[in-house]
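Chains A and B, in that order, give the protein sequences. Letter by letter, the first sequence follows residues 1 to 116 in my numbering. Letter by letter, the second sequence follows residues 1 to 114 in my numbering.
Bear in mind the hints are in silico, worked out from the structure with no lab data behind them. You may find that some hints are simply not true.
[Said to hold, decoys possible] Okay, derived cross-link-like pairs now, DMTMM-like style, lysine to aspartate or glutamate, Cα gap no bigger than 20 Å in a straight line: (1) A:K44 to B:D2; (2) B:K68 to B:D84; (3) A:K27 to A:E63; (4) B:K68 to B:E15; (5) B:K68 to B:D54; (6) A:K44 to B:E42; (7) B:K106 to A:E72; (8) B:K77 to A:E41; (9) B:K106 to A:E68; (10) A:K27 to A:E72; (11) B:K52 to B:E42; (12) A:K44 to B:E69; (13) B:K77 to B:E8.
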Amino acid sequence: NAGVMQNPRHLVRRRGQEARLRCSPMKGHSHVYWYRQLPEEGLKFMVYLQKENIIDESGMPKERFSAEFPKEGPSILRIQQVVRGDSAAYFCASSPPTRRLNTEAFFGQGTRLTVV
Amino acid sequence: GDSVTQMEGPVTLSEEAFLTINCTYTATGYPSLFWYVQYPGEGLQLLLKATKADDKGSNKGFEATYRKETTSFHLEKGSVQVSDSAVYFCALSDPGGGADGLTFGKGTHLIIQP
């Protein structure tokens with residue numbers, strides 16, 4: 001049973017380009033969480049999604065950032081018109097449908113985004 | 001809002017030394033508390049957890065006790081090994097605090113020397 005898969009592991013974008021980060025949850029998991037880790041900082045919650053629904057986006061920046069978790073396929077975190085301050089590691093976590101993240105959490109290896 | 005504060009790193013110890021990594025928190029509700037570990041190049045793994053006051057979480061020789069009176073959840077291990085070298089994150093979950101996700105500390109980089 002594969003764990004949470006994130007790709008790409010490393011992503012380099014020029015300022016103004018778009019970045020798309022993908023997360024495939026563990027098999028049977030329908031809840032996905034995205035976190036951002038800035039250099040020298042802890043992980044910051046961004047958004048919580050279930051299939052086809054955004055449940056909590058209180059940690060998402062108001063502009064340029066969006067997330068989706070379609071019925072089929074991976075969850076996507078999309079950053080439009082990237083700026084240098086978006087450079088960070090982005091982690092995805094998933095949990096089963098009957099549990100919340102505070103009881104069981106499985107994290108991916110993260111995507112390191114570098115904006116040049 | 002909720003927050004987690006843990007000791008700054010890196011923490012460097014010799015093998016078989018006693019380890020303490022301090023963690024304190026602020027929360028509006030009754031949080032659950034966690035320690036996660038991140039080995040080089042890998043994602044975060046749950047190390048241990050405690051869901052109510054005075055609970056003790058333990059795993060792989062690590063322990064942490066949920067202290068409500070001091071709002072703390074310090075991580076301890078009696079005899080560390082080189083393989084324990086990693087980054088350790090203290091975190092809390094507080095549904096009463098509004099967000100559904102975990103609140104993390106900044107992480108403590110632990111280096112164990114042979």
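Against the structure, the hints:
no., hint, in the structure
1, A:K44 to B:D2, "12 Å, holds"
2, B:K68 to B:D84, "27 Å, violated"
3, A:K27 to A:E63, "31 Å, violated"
4, B:K68 to B:E15, "31 Å, violated"
5, B:K68 to B:D54, "7 Å, holds"
6, A:K44 to B:E42, "18 Å, holds"
7, B:K106 to A:E72, "34 Å, violated"
8, B:K77 to A:E41, "24 Å, violated"
9, B:K106 to A:E68, "27 Å, violated"
10, A:K27 to A:E72, "13 Å, holds"
11, B:K52 to B:E42, "29 Å, violated"
12, A:K44 to B:E69, "26 Å, violated"
13, B:K77 to B:E8, "18 Å, holds"
Violated hints, in rising order: 2, 3, 4, 7, 8, 9, 11, 12; the structure is consistent with all others.
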